[in-house]
Amino acid sequence: MNHQRRDALKAGGGLGVLGLLATVGLIRPETAHAAWNEQAFGAKSLDAAFEVLGAGKPAVSDDVVLNTPDIAENGAVVPVGVVSKLPGTEYVAIMIEKNPYMLAASFTIPEGTQAEVQTRVKMGQTSDVYALVKADGKFYMAKKEVKVTLGGCGG
Amino acid sequence: MRKRIKAVAVCVGIALTAPASAQEELNFDAYREMLADGNPAELYEMEGEELWRTARGPKNATLEQCDLGLGAGVVAGAAAQLPRYFEDAGRVQDIETRLMYCMETLQGIPSKEIIDGKFLQGERARLAALVAYVVTHSKGEKIAIDLSHPKVKEMYELGERTFYYRLGVMDFSCASCHSQDGKRIRATQLPNITTREGAAEGWGSWPAYRVSSSQFWTMQHRLWDCFRQQRAAEPIFGSDVIIALSTFMAGKGNGIEAKWPGVKR
Amino acid sequence: MASPMRIRAAAKDGVTEVRVLMSHVMETGQRKDSSGEVIPAHFITELTARHNDKLVLSAEFGPSVSTNPYLAFKFKGGEKGDKVTVSWVDNKGDSRTDEAQIA
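Line order of the protein sequences matches chains Z, G and E. Counting from 1, position 77 in the first sequence corresponds to residue 77 in my numbering; the numbering is continuous, with no gaps. Counting from 1, position 109 in the second sequence corresponds to residue 109 in my numbering; the numbering is continuous, with no gaps. Counting from 1, position 81 in the third sequence corresponds to residue 81 in my numbering; the numbering is continuous, with no gaps.
The hints are simulated quantities; they were obtained by calculation from the structure and are not laboratory data. Some hints here could point you the wrong way.
[Stated by the list, open to error] Straight-line distance between alpha carbons at most 25 Å, and here's what the computed SDA-like set of lysine to any residue pairs gives:
hint, chain 1, residue 1, chain 2, residue 2
1, G, Lys259, E, Arg6
2, Z, Lys44, E, Gly29
3, G, Lys183, Z, Val148
4, E, Lys80, G, Met46
5, Z, Lys147, G, Thr188
6, E, Lys83, E, Asp98
7, E, Lys74, G, Ala36
8, Z, Lys85, G, Met46
9, E, Lys74, Z, Trp36
10, Z, Lys85, E, Ser58
11, G, Lys183, Z, Ile71
12, E, Lys32, G, Ser214
13, E, Lys12, Z, Gln118
14, Z, Lys144, G, Lys183
15, E, Lys92, G, Ala187
16, E, Lys76, Z, Pro110
17, E, Lys76, Z, Asp62
18, Z, Lys44, Z, Asn67
19, G, Lys259, E, Ser23
20, Z, Lys98, G, Ala187
21, Z, Lys98, Z, Lys143
With the rest of the complex left out, here is chain Z (with noise of 0.2 Å):
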């Protein structure tokens, strides 16, 4: 199996590797159909990845709440839950300002499943954190900010 893949992915050149990978078989085809959102992970501003995701300028939201530490003792992992009270929430993403690529993850949410999500991500310092949230076609956001302490020699 994964001498086949490596080998798929050799011959696959310049087709997209999950394309690829479905055609051959390997994954489930609905996995590769979402294709990986490439644009908006390599923004490198906030307002170019709102703008990659059609969000444009978000309203701010009480509705949506960031659950985050206030201060993270390792910018290596930032506990970061998002909860959305807006009916129709559809679509949560978790942005990270001051990270090189703003975007860290992004979360589909079908009818049936609740606006919660809790991960984890990395920080490279100090930054505010959003929240952006798409409910019944409409963009809002919250924000906070995580103080982080980078430091230690190792132990």
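Given the coordinates of chain Z, assemble chains G and E onto it according to the supplied hints.
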């Protein structure tokens, strides 16, 4: 000249105020709490559980007959009572050395391979995964090592002496950093191991997943690193000096709940 | 081959909470090794979660998701013993699928 003096004064001002404000803000409780649920150490625990049940080594045997002190194959609660004296091995063993003993006697995997090996590699890495499995089954247990046993008591005393023993080019001892309340290295708070609570905190939160390196570290690994940071000679894996320090910490922290496995910065 | 995920799923009051730990380096492509060579990016790009056969979450990750990623989410429904399946694909085309029963 006057300008230069002013610049220096400004720097000093900053240097003096920074630690004070940093002190107030260095409360990582919320951060640690959020990491405790879904501690990546669980990934190592899974690997360890698999290793425990897998027939391996020259003898092609599992570790299911390994006696961690509570009888052959009993894992639940075993870590909370380690280090302890084992008649069959004729020495006080901590969790790593006991597992190493089982790997050698049951599976035929030579301990030398682990002792001479490297952290996070080969059989020593597999041993660490087994440690993750075993300690997870003592989560929430109270530390309960048997100090009434003369051999354990002897180890405790040796550990206490080691704790205060100054060594290396920096003339450091464990006590240099770990015998006062409220000490820290940069942002890392250091437990006061001379107190019962501090000892339990130190002993009971390792082994741990370290987020800075995305690695799982056993107590042998952690204490080895303490010696390295003191610029002292590096202790041999599984040697008595580490078991002694472990026995000292565990013995001092007896009766307090262990939080194994930990998650550390 | 990629190591297994740890998936925990628990149903309570008509809501199932799923917590997943994945074993993955999540290398950013921005770090250098000891010889100064850039360590190539290697990270999970996409993830899907299913309750029996129904899609309950899809996600896209970038390289700034932490090493050994953690993910928690909740969906309505789910009975004890139902199957929750999580799959991921990374940028090198490696993939992993694991399942757990709802407790």
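Status of each hint after checking the structure:
With a CA separation close to 20 Å, the supplied pair lysine 259 of chain G and arginine 6 of chain E stays within the 25 Å bound. Using a Cα cut-off of 25 Å, the hinted pair lysine 44 of chain Z and glycine 29 of chain E holds, with the two alpha carbons roughly 15 Å apart. With a C-alpha separation of about 20 Å, the suggested pair lysine 183 of chain G and valine 148 of chain Z falls inside the 25 Å cut-off, and the hint holds. Using a Cα cut-off of 25 Å, the hinted pair lysine 80 of chain E and methionine 46 of chain G holds, with the two alpha carbons roughly 22 Å apart.
At most 25 Å may separate the alpha-carbon atoms for a hinted pair to count; lysine 147 of chain Z and threonine 188 of chain G meet this at roughly 15 Å. Between the alpha carbons of lysine 83 of chain E and aspartate 98 of chain E the distance comes to roughly 10 Å, so the proposed pair stays at or under 25 Å and holds. Distance hint between lysine 74 of chain E and alanine 36 of chain G is fulfilled; the C-alpha atoms sit about 19 Å from each other, no more than 25 Å. A C-alpha spacing of about 36 Å is found between lysine 85 of chain Z and methionine 46 of chain G, which places the hinted pair above 25 Å, so the restraint is violated.
A threshold of 25 Å between alpha carbons decides the hint, and for lysine 74 of chain E with tryptophan 36 of chain Z the separation of about 23 Å falls inside it, so the pair holds. The hinted pair formed by lysine 85 of chain Z and serine 58 of chain E meets the criterion: a straight-line CA distance of about 19 Å does not exceed 25 Å. The suggested pairing of lysine 183 of chain G with isoleucine 71 of chain Z holds, with an alpha-carbon distance near 19 Å, which does not exceed 25 Å. Restraint check: the Cα-Cα separation between lysine 32 of chain E and serine 214 of chain G comes to about 16 Å, which is no more than 25 Å; the hinted pair holds.
Restraint check for lysine 12 of chain E and glutamine 118 of chain Z: the C-alpha separation of about 18 Å stays at or below 25 Å, so the hint holds. For a cut-off of 25 Å, the pair hint linking lysine 144 of chain Z to lysine 183 of chain G is broken: about 30 Å separates their Cα positions. About 37 Å separates the Cα atoms of lysine 92 of chain E and alanine 187 of chain G, which puts this hinted pair outside 25 Å; it is violated. Only pairs whose Cα atoms come within 25 Å are accepted, and lysine 76 of chain E paired with proline 110 of chain Z is accepted, the gap being roughly 11 Å.
With a CA separation close to 24 Å, the supplied pair lysine 76 of chain E and aspartate 62 of chain Z stays within the 25 Å bound. Between the alpha carbons of lysine 44 of chain Z and asparagine 67 of chain Z the distance comes to roughly 24 Å, so the proposed pair stays at or under 25 Å and holds. Among the hinted pairs, lysine 259 of chain G with serine 23 of chain E is consistent with the structure: their alpha-carbon atoms are about 22 Å apart, no more than 25 Å. For the hint linking lysine 98 of chain Z to alanine 187 of chain G, the alpha-carbon distance of about 22 Å falls within 25 Å, and the restraint holds.
Between lysine 98 of chain Z and lysine 143 of chain Z, the direct Cα distance comes to roughly 13 Å. Compliance with the 25 Å bound is thereby established for this hinted pair.
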